[in-house]
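Chemist: To convert, take the position in the sequence shown, counting from 1, and add 122; that gives this note's numbering.
Watch out, some of these pointers could steer you wrong.
No more than 30 angstroms apart at the CA atoms, straight line, and that leaves these computed lysine-lysine pairs for DSBU-like [said to hold, decoys possible]:
#, residue 1, residue 2
1, K606, K630
2, K163, K225
3, K606, K642
4, K158, K246
5, K373, K457
6, K158, K139
7, K170, K255
8, K246, K309
9, K158, K196
10, K587, K642
11, K139, K225
12, K373, K429
13, K225, K275
14, K309, K412
15, K194, K264
16, K275, K255
17, K429, K457
18, K225, K264
19, K457, K587
20, K429, K412
21, K412, K445
22, K196, K255
23, K434, K457
24, K225, K194
25, K412, K434
26, K264, K365
27, K275, K365
28, K264, K170
Read the hints as simulated data drawn from the structure, not as lab findings.
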Amino acid sequence: MFWKFATTSNIDTLLEKEDITLQELMDDDDVLQECKGQNTKLVDFLSKVEVMEELVSYIITEPSEDTDDAVKYKYPNVACELLTSDAPQMNDVLGDTESLREKLFSFLDHEPILNPLLASFFSKVVGILLSRKPEPTLDYIKSRPDFLGSVLKHLGTSAIMDLLLRLVTCVEAADLRAQVLSWLNEKNLVERLIALIDPSQDEDFHCNSAQSLCDIIRLSREHMYTMQESAQDDPLLNTLERKETVQLLLKHMFDNGVSESVTINGISVLLALLEIRRPAPFGLACGVSKTLHGLSDRLPDFHNLLKNPPKKDVMSCTFGELKPPLGNTRLHVGKLLSAILITNTHNINVQLSELQIFNALLDLFFAYEYNNFLHTQVVQCIQTVLGNAVTVTTPQPNRAPSYDGVTRPTEREEQERKEEEDAENPRKVAPLLTHLFEDCRLIQRILDAWEDNRIHETEAGGHRKGNMGHLTLITNHIIENMEKGTNFERIRQFIEGMPEEDQGRWQKFVTEPLAEINEKNSRELGGHNPMHFSSDDDGDSDYRDIPFTSNSAQQAFTDYQLQQITTNFVDQFGFADGDFAEQDE
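Hey, can you work out the whole structure from these sequences and the hints?
Modeler: Okay, structure coming up:
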């Protein structure tokens with residue numbers, strides 16, 4: 123049986139009018155659906171150059187202030203959707219017509235600040251051109267005077283940042299993509315983006331420039347992971363990973379005065395450079411090494427940020443006033459240190475231990491007892507150091523006798539002897555581990571903090587301090603690594619080297635309060651697993667938990683349902699053939 127009537131679109135009727143206007147079509151609710159459905163008449167009409175010019179005008183021209191807000195951006199929005207409906211005929215006209223390209227890209231000639239909504243429409247249309255008509259679009263972009271400068275001028279607008287990313291990612295052909303990346307690198311895209319992360323620029327530029335660099339790093343590395351052996355060289359990524367580029371970024375971060383926005387966004391770029399999510403190919407590992415090499419000379423500046431951050435006003439909280447607050451700057455420095463420590467680079471470890479970096483971190487840990495974001499970073503840093511393998515190995519001398527048969531030490535042997543002596547020195551072999559247990563007196567600080575918390579809890583109105591949970595984690599990490607970790611012998615030596623009084627306090631702490639806390643934390647809520655049902659309360663032993671797995675329970679229920687379906691199921695619930703007789707028309 124078929125329906126006699128079907129609804130038809132009003133678009134075809136409108137297009138039969140001789141004086142039909144674009145605005146009349148855009149007022150129809152079906153225009154987008156018909157365009158995406160490739161309505162031939164509609165696409166032919168929209169593909170006319172004069173109509174395309176009108177559509178482009180809608181998305182690059184600021185609506186009149188007198189227009190009602192309810193419909194102010196109606197036509198620009200519809201125009202954008204029509205231009206990005208992915209109709210091949212429209213893409214060809216827009217991508218191949220010089221006047222239309224000129225009109226579209228003239229939007230970048232406007233003075234800042236761009237209308238964010240119109241900028242998003244513009245970015246979306248350029249994105250479809252880069253995807254569907256890459257060659258003519260890229261040729262035009264390259265021929266346009268200082269196109270990159272026009273884009274960067276408006277980088278404070280997020281949609282223009284998206285446009286820059288589309289330029290890097292929307293081109294799929296390998297050869298064409300390589301040409302685009304080379305052209306962007308020749309135009310010093312990376313250096314110009316870094317120059318925007320400077321105290322002289324607005325915060326919007328700091329944020330969007332840093333985000334652009336982070337996206338380029340992650341997407342380029344992801345592309346290399348995906349392509350593996352067939353991956354082509356990425357000039358933008360190579361430039362970003364150079365030591366000189368990292369030093370340029372750090373110069374903008376520190377040499378022109380310290381700004382919280384610049385520091386935070388600069389650190390986000392450094393974190394992206396240090397981030398490797400999977401086992402890295404050799405090229406990516408070299409990139410991280412170069413980043414660390416560029417960072418090494420500036421580690422004192424980051425240590426100084428922990429001690430002297432940008433000034434912040436007093437902050438009132440429910441537990442009192444923070445004078446001063448921790449601030450986002452110091453929190454991000456903690457994140458950066460956590461990422462650096464994961465690389466386990468020996469010369470970096472030595473520098474950090476000489477800077478007494480963990481003393482600064484632990485001071486903040488105990489000073490800001492309610493800042494769990496900071497506590498998490500400090501715990502991660504300590505956990506990493508406890509588990510990191512030794513980066514300096516003991517050399518094996520290989521002496522050879524001289525010509526007169528007398529064995530004499532050579533310069534090489536003297537160097538090896540010195541290295542062998544260094545290998546016996548814990549500060550040379552495990553500098554940060556030694557720094558933690560000897561310089562920072564980590565065990566003693568844990569014991570003192572625990573005792574202070576016990577006294578605080580017994581006072582009138584006293585309560586458990588906010589950092590005690592993370593302090594428990596640190597203690598458990600120490601015990602775990604002391605029992606079976608990479609550095610278990612050294613950690614035991616540090617603890618055995620403590621004064622007898624501290625050793626006694628430590629043993630008592632581990633066996634009594636810590637064991638009690640761990641037992642409480644591992645205890646199931648209510649005394650049993652809430653996922654299991656118990657009938658102990660009603661005392662009926664006939665209803666006990668049946669150890670069905672989820673699959674077994676589902677299978678049992680399915681079997682039960684099948685048993686209910688008898689052979690005469692269809693006869694009971696079916697219809698006779700006569701019930702479907704056609705009705706008289």
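Chemist: Take the hints in turn and mark each one as holding or not.
Modeler: We went through each hint and held it up to the structure:
1. K606 with K630: holds, 21 angstroms
2. K163 with K225: holds, 25 angstroms
3. K606 with K642: holds, 24 angstroms
4. K158 with K246: holds, 16 angstroms
5. K373 with K457: holds, 20 angstroms
6. K158 with K139: holds, 22 angstroms
7. K170 with K255: holds, 18 angstroms
8. K246 with K309: Distance of about 24 angstroms is within 30 angstroms: holds.
9. K158 with K196: OK: K158 and K196 at ~18 angstroms, within 30 angstroms.
10. K587 with K642: holds, 17 angstroms
11. K139 with K225: holds, 29 angstroms
12. K373 with K429: Between K373 and K429 the Cα gap is close to 20 angstroms, so the pair holds against 30 angstroms.
13. K225 with K275: holds, 19 angstroms
14. K309 with K412: holds, 23 angstroms
15. K194 with K264: Status violated; Cα separation ~34 angstroms.
16. K275 with K255: holds, 25 angstroms
17. K429 with K457: holds, 16 angstroms
18. K225 with K264: Measuring from Cα to Cα gives roughly 16 angstroms; hence the hint holds.
19. K457 with K587: holds, 23 angstroms
20. K429 with K412: holds, 27 angstroms
21. K412 with K445: violated, 38 angstroms
22. K196 with K255: Cα-Cα ~27 angstroms, so holds.
23. K434 with K457: Given that 30 angstroms is the threshold and the Cα spacing comes to 20 angstroms, the pair holds.
24. K225 with K194: At roughly 21 angstroms apart (the allowed maximum being 30 angstroms), K194 and K225 satisfy the hint.
25. K412 with K434: violated, 34 angstroms
26. K264 with K365: holds, 29 angstroms
27. K275 with K365: holds, 27 angstroms
28. K264 with K170: holds, 27 angstroms
The structure fails to meet hints 15, 21 and 25 from the earlier list, while all remaining hints are met.
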